[in-house]
Amino acid sequence: MLSLIVFLPIIAGLIILAVPSSQKQIIRIVSLLAALAQGVLAVLIWRAYDPSLPGITAGPGGSPLGSFQFVEKVPWIGLKLGAMGSLNIEYFLGVDGISVTMVILTALISAIGVLSSWTIQKQVKGYFILYNLLASAMMGCFVALDFFLFYVFWELMLLPMYFLIGIWGGPNREYAAIKFFLYTLFGSVFMLLVMIGLYFSVIDPVTGNHTFSLVAMANQANYLQDAILGPHNVMWRYIAFAVLFVGFAIKVPMFPFHTWLPDAHVEAPTPISVILAGVLLKLGTYGMMRINFPLFPEVFHASMYVIGIFGAINIIYGAFCALAQQDLKKMVAYSSISHMGYVLLGLAAGNSEGMIGALYQMFNHGTITAMLFLLVGVIYDRAHTRQIDKFGGLASYMPVYAALVTVAWFASLGLPGLSGFISEALVFVGAFSSITTRYIAMVSVLGIVFGAAYLLWSLQRMFLGKRKPDAAYDLEVGADGHEHIHFHDWKGKIDLDGRELTMLVPLVVITIFLGIYPMPVLGMITSSVNKLVEVLTPLAIR
Amino acid sequence: MEHLVPIGLNHYLTISAFLLGFGLFAVMTRKNAIVVLMGVELILNAANINFIAFSKYNGGMGGIMFSLFVIVIAAAEAAIALAIVINIFKIFKSVDVSSIDSMKE
Amino acid sequence: MHSLIQLSIVVLLLPLLSFVILIFFNRRLPRRGDFVGVGILGTAFALSAYIFWTVIVQTYDPAFRVAWDFTWIDLGQVPGIGPLQIKMGIVIDNLTAIMLAMVTLISLLVHLYSTGYMAGDKNYGRYFAFLGIFTFSMLGIVLSDNLFSIYIFWELVGLSSYLLIGFFFEKDSAADAQKKAFLANRVGDIGMWLGILILYSQFHTFSFTEIYANLAAGKFALSNAWLTAAGLLLFMGCVGKSAQFPLHIWLPDAMEGPTPVSALIHAATMVAAGVYFVARIFVVLTPDALHVIAFIGAVTAFMAATIAITQNDIKRVLAYSTVSQLGYMVLGLGVGAYSAALFHLVTHAFFKACLFLGSGAIIHAMHHEQDMRWMGGLRKHMPWTFATFTLATLALAGLPLTSGFMSKDAILAGAIGFATAEGGGVYYLIPVLGFFSAMLTAFYMGRQIWLVFFGESRTHLKPVDNHHSDHHAHSTHDTHNDDHHAAHEVHEVSWNMRAPLVILAALSVFFVYSPNPLDGAQGWFMKMIQTPPTVVGSYQSAPSSEKLAVGSQQSATEGENSALSTQHSALSEQHSALTNERQAEIAHASHAAHFPAIYISSIMVLLGISLAGIVYVFKIIDPDKTAQAIRPLYLFSLNKWYWDEIYDATFIKGSIVISKMLSWFDTNIIDGIVNGVALTVKNIAFANNSFDKYVVDGLVNFTAFSVNTTGAVLRKLQTGKVQTYVVMLLAVVFGYFVFYFTRLIY
Amino acid sequence: MFELPSGAEIQSIIASLKLSVEFFIPEIYLSLLFMLLIVVDLVAKGKKNNLLSITTLLGLAGTMYFIFRQQSMPAGELFFGMYVLDEFAIFFKYFFVLSGILAVIITMADEQFESEVKSMGEYYALVVAMVIGMIMMASSADMMMIFLSMELVSFSAFILTGYFKRNPRSSEAALKYLVYGGVSSGLMVYGFSLIYGLTAETNLINISSALSQHGYDPVVLILATLLVLAGFGYKIGAVPFHFWAPDVYEGAPTPVTAYLSVASKAAGFALLMRFFYIAVPHGGPVYEDIIGINWVSLLIIISVASMIYGNVVALWQKNVKRLLAYSSIAHAGYLLLGIIVMDAFGTQATLLYLLSYFLMNFGAFYVVILIANKTGSENLEDYRGLGKKMPLAGAALTVFLISLVGLPPTFGFIGKLMIFSALLTKGSLYLWLALIGIMTSVISLYYYMLIPLNMYLRESPSSEQKNMNPGLLPNIIMAALMFLTIYFGLFFQPLADFAKYGSTLFGLKH
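Chains as they are written, first to last, in the numbering used here: chain A, 107 to 648; chain B, 5 to 109; chain C, 439 to 1184; chain D, 405 to 914.
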């Protein structure tokens, strides 16, 4: 089942490979079908998921089957290395509370991304092949339970992203693409070393061999005492933790490793921005929760404070930078930096409220930011500019659009009744309850105000008031005596058209529903996160 | 003749060392490709002298055999080298090694 | 589930229903579906009236309380804590019942009123939808039984106020005002949120009863400073929402919204929510916190009053008077006059709503003229409005026989009592400021009445040029292009706008609340709303023994009928034995101060009114001349103590500048570092690239020299030449050799 | 001074020779093929048909059979210890024959040969000769044999490099190669002579025992070792013995470049491993000072220098061939990492890395040739917009480059993975080496990605629509190579096992 959901897009990509590049519609439909099938599978997984199983580490008897769900475990590589024992790699998929929500999110966002890619006209075939490759890789990252497999998927994401930004991106795309590539690669290559180090430090209790299985690694009992990353090698464990953390933090992106994000977003086409903000950023924090923290619990416990501080910096720094932006998309990009800061803060809290909040924030940020970028794309398609000052008074002329923007904006600034609020609230509750991060939380609260500031300010400048003299559109009095606007060389509907609504409405509904009744998602993650917190809490405190 | 020191291993080695030096010197400094290649031959012959000397002083045929092979190889190398140099001369109308530097950083 | 709970849930959800219907379908319904809003609110009011009847009239019990909650978020088996849930719930006690009735009633009246006032607006339907969501959130605040849900609805009223202030969003002033309001509230809210977090982090619950029980049981692990901080931070929420100093700046600007909205949200209900919230958390406020609150209230009351006397916009005068009155309420809570403050909340809600709706009627009649300088002589044209407006004004000014008199007097009495109980000194500042503000209130209200209703119409005096200026209200209103000639034909407003005025005016008379016009304490209200015993007493320094006696006997009476007595009376009693003596003391002092307060306040009010008369009726003092005489003071007041300018110069400009700086930092420094690294790598590459060219040369020279060749040859050795390579090779071998040789020797 | 051997001795000598010959069949067979090719060339004089190339392909393919038969034979010495037959040798025999085959294939694809030379003449014969030489390099256990085989390889390489007689760059490359190669092999022989002087032995195994038994004069041994290392270093093209490589790789015909950069480098490594593993006495932990000179530290310096130098200088290259030349220098550094570990796992890692390098480098050069056929240029600028014109070639080249960077899911990643794993099995001792490797591979990403960047992200200045399709057969081969690169990146078990099989040397005492 998981294999299917992972490889469906690649299969679609292969099919597309066979389709002549002139048949654009067929290509689009094929990818859409794949994405929808993924969505269906995601729903099935959601329905069949048993929230009572915690996951994270091995279940009873060291077998992951007791603890993870939809597990697929086949030996992949088994090399004899003579003196070094053997190199065992498994094709090991499975989900627990932490990943299942991300799987659903990924399916949702990829489907929406396909819809939003409908307007891509340049090299459609290549675009969708890469897109599907990317979709598969993302999904794979979330379900892989073997570090090697995870790493393969992780790196597999880079190349498609590079081309998707680099070929279909904006004017400065070369710079943005290579920057993204180098940055993320820089983060991940060190992960490779840590991975190898962990491999030689961990013994699978069942087989007695070294193993890449994250499930085995998450159990400190499986570590060789004086292996390079064994409990005795404190220094190397700290270094390894830091290396992994930086690797993931670059993806998050965490200050000061965030500068690739604004460039990438500004240059990337709308669907790619959606994917990037909606799913890819989550991979960073997901990696922390799945790999970084449970494998080095004591180091995590020692560095909670630092992580929290970086989270706070992200929140406030991102908000301030967003406040200064003139380019709407750049503002949204910085807002994601700010919002991912909440995730970091929640993780740093190290208690259930905080971590549940962080995970839930990952999900909500996925949906909300996807919405934001889609909305930015809508106006960019029409006006071919994203300069906030080039608009004004749009609310009078594009009521539906304005309404959706208002919902999205308020969701982003954490208005109660919309999903973002609950996660942020939980994050703060957790961060404040933990003594380590209490004062950090008190500072981070300022982020709420500044978040509101830049969002409302942009809202006012673009939608309220009247048309600015140098606006990117003209006014003309229509037949019914009311004023209408028209954009230069835009033939389509002025207000949102059907396709855009089909992309946006589901997200709006999800945002509102999860804001009123979060349990459908929270119910799946609580047991796992509680287990994770248990794993992370050192025995001394436990 | 008893006041003459009997020729010992060191003499051979010294000679071979000198030969090596001359060979390297030629290779490094001479402009003419042919001379450069002769420098290479000198290097090889320096090795030959070593082999034979050693083989004389610690017995066994290995050194002598080796030197024979070296001589043969040297001959082959000379042939190839000449072919290449002639070709170079055809193209560049010169065999000045130092002037042939079209490919560089 | 208690039947009242079910009813209240229905009441809560009805306005939401109206919102949903109207926001989606208003264009498909006849009359844009305003009747839906009015009808639904009517039903809601009927139900809450029933609740009011059952709670207040039938079961005439101060300790009445029913509660119900359900698990909203289940966090499962949390390590170290055990099962953890976040609950949502509803509580109904006397206060709730009263607020419920009040909110629904005023909301209903405003709905009704708006059908006349907003008629013909192009977003007519949306307007009623927004009213719906506001009423929903307001009721949510009233009904909540825990801090979390209060916070949620707190933000939601903020949203609806945002939407309604900016209802005429084409006006930049309106857009600015709505943003300002939301942000100011946000500032208050983060304080409130932190306060909530402090309490949660100790007890892992949001519910009032559980938190109070834990506090009473002395389970609060942090220091008392934290507790005071928690109280003050929670109070910050009130500061934002109830426009207390220093966050009062948003409320006057909020008058950019439609006048009925000002009446509903920015006079009667939402701004009062802050006071309501402080009352809810009253028991966790430590004395230190209460002192701060009292002073803030006093300062707010005074400052707003001084500003109000010079404003010319009819709505702004009322706005500042609202701020001032809210200050009174906060002051009342601060000094421990709990029930008096809430009493003033209710009375103020009615007469201030009446005033706003009246002013709305005037503005409507004057075709959106808001400047009092160009009004005058309206009493002939609009008798109904005149009558109701005057009655409400008297109540606001606090003349005897009005509701306002009773409530304000009770607060002031409490203030005096507080001052005496605290041992005088600086604490007497509070009652003094209170009384002085009372005078100012009387003065500016008298001024307003005179300027608006008496004398001759001054419409013709108005300079024509600022007809379409931004200050000019509703400039985008569909029916605004007939201003000039319409100014003369002023006429009374239609019934659907008149009826609310009458009802509200009727509710501003004393007998609604108390048989005795001089003492509200004998009325049902003060009886039903009684000061709950504090739960933080055990965190105070132990009181001296003789006070203990009073305290215990006091708490004996209060312990039973406190809101807590349901499950935790034992706990609360046991420790309130040594805690509530302070409240008791204040209560006694207030009783003593009752009649002095009456005399002083009446005198003050009369002073104010007569001063207004002297200035505006008999023209003994020319206001303009006076203004010239005390120009600095006049400007200070006219420019609202320059708060806007100060904030603009400091916080707003400040954050913009910081953001610019950080953004520059981001693009130039942080990114610069990254690119710098890349550049250095490339430069290393360049160095390596020219490695052959320069370094090799050097080595070549050296080696060649060592093999004793001539300089002429040296110069010829260049890269791209095979000999250079050979030299390099030898150099390396030689270098290695020397290196290891030396390593062997030494 | 030497008395002649008696008849009996001669009998026994002949017997053992006859015995050895059975284990020498692939070499003999290849020599026959070599002569056959010359004859065929004489027969099919002047005519430019694929007769020669096909013959070569079939011949080389045939060799595989004999090599396969050798797998069942016991490992052991031949010809009085001149020559060994062990798994290590067999691995490299396969490797070299395969690279010979690929060299022929890409030669067939290169259209430059039509324009540059009249007849393919002895080209293929020389390719085969080189294969023989490299096979012998990998299997020789005696300094004399090493020298012979190395010279055989070198001479064929000289001629192949200068094969475009009328092309100045080609000839210049040949000359530089000749001189540099001559000198370094000369130095190597001199080093051999010194070692012979120290030990009176030419057989590696005996040398090691002699050294460890009788002791030695360290200074002389250092000198000798350095001189020998110079020879080997020149073969593997590692810094600081790399100076010939860029020019030669740029000047030589592209197929030859590919052949040299893969096969002859691999031969150098085979030699290096055998020499250092066998001849150097292994007492105690390998990474301690053994004989006064720390061999491993020497290799570490070389490998670090190669990784850094090769990668950073490549950043500035504008010519794809030259760029790949520098990348091959860098890869020499990575390969050395595996040798530094000095254990079976390290050897296995190195061999696996060689396999991956074989695949991806040949692939890259193949695509470069196909592109050069169409555009007639190897400059980076002329790659602009090729991604659209030659989709398959673009995709393939991208895959090969990604593999060269070492990103999953390609074979190159597995190579790096094994190398780094081997380093980390020594605990944190070599971690810093691994770090340098990682860093430099990140740098390498930049210049490798320059090529896809030009192919995809930039538009070609000239928009003429000439047919850029390289043709069916090349497309198939390209796709096959690409597929293999990815396939082995995911399922590298067989090859890794093969490398493990090849990692056992005769006479190596672990």
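To be clear, the hints were calculated from the coordinates, so they are not data collected in a lab. These figures come from a predicted structure and were not determined experimentally. Among these hints, one or two may not hold up.
[As the list claims (entries may be wrong)] Here are the computed lysine to any residue pairs in the SDA-like style, where the Cα-Cα straight-line distance is at most 20 Å:
no., chain 1, residue 1, chain 2, residue 2
1, D, Lys793, A, Glu582
2, C, Lys560, C, Arg466
3, A, Lys130, D, Pro409
4, D, Lys792, A, Ser128
5, A, Lys572, C, Ser611
6, C, Lys1091, A, Leu123
7, A, Lys130, D, Ile417
8, A, Lys597, A, Glu582
9, A, Lys574, C, Ser611
10, A, Lys179, D, Phe895
11, B, Lys60, D, Leu408
12, B, Lys97, D, Lys569
13, C, Lys1098, A, Trp563
14, C, Lys1091, A, Ile622
15, A, Lys228, D, Arg573
16, C, Lys525, A, Ile622
17, C, Lys560, A, Val583
18, A, Lys572, C, Lys560
19, B, Lys35, D, Arg573
20, A, Lys572, C, Asn561
21, D, Lys792, A, Leu123
22, B, Lys60, D, Phe895
23, A, Lys572, C, Glu608
24, A, Lys574, C, Val495
25, B, Lys94, D, Arg573
26, A, Lys231, D, Asn873
27, B, Lys94, D, Val624
28, D, Lys449, D, Glu518
29, C, Lys1091, A, Gln566
30, A, Lys228, D, Lys792
31, C, Lys965, C, Val495
32, B, Lys60, D, Glu481
33, A, Lys231, D, Phe895
34, D, Lys793, D, Phe895
35, D, Lys569, B, Ser103
36, C, Lys1098, A, Gln432
37, A, Lys574, A, Thr491
38, B, Lys108, D, Asn723
39, B, Lys108, D, Lys722
40, B, Lys94, D, Lys792
Violating hint indices (sorted, rising): When the structure is compared with the hints, numbers 1, 3, 6, 7, 14, 15, 22, 24, 27, 32, 33, 34 and 40 turn out to be violated.
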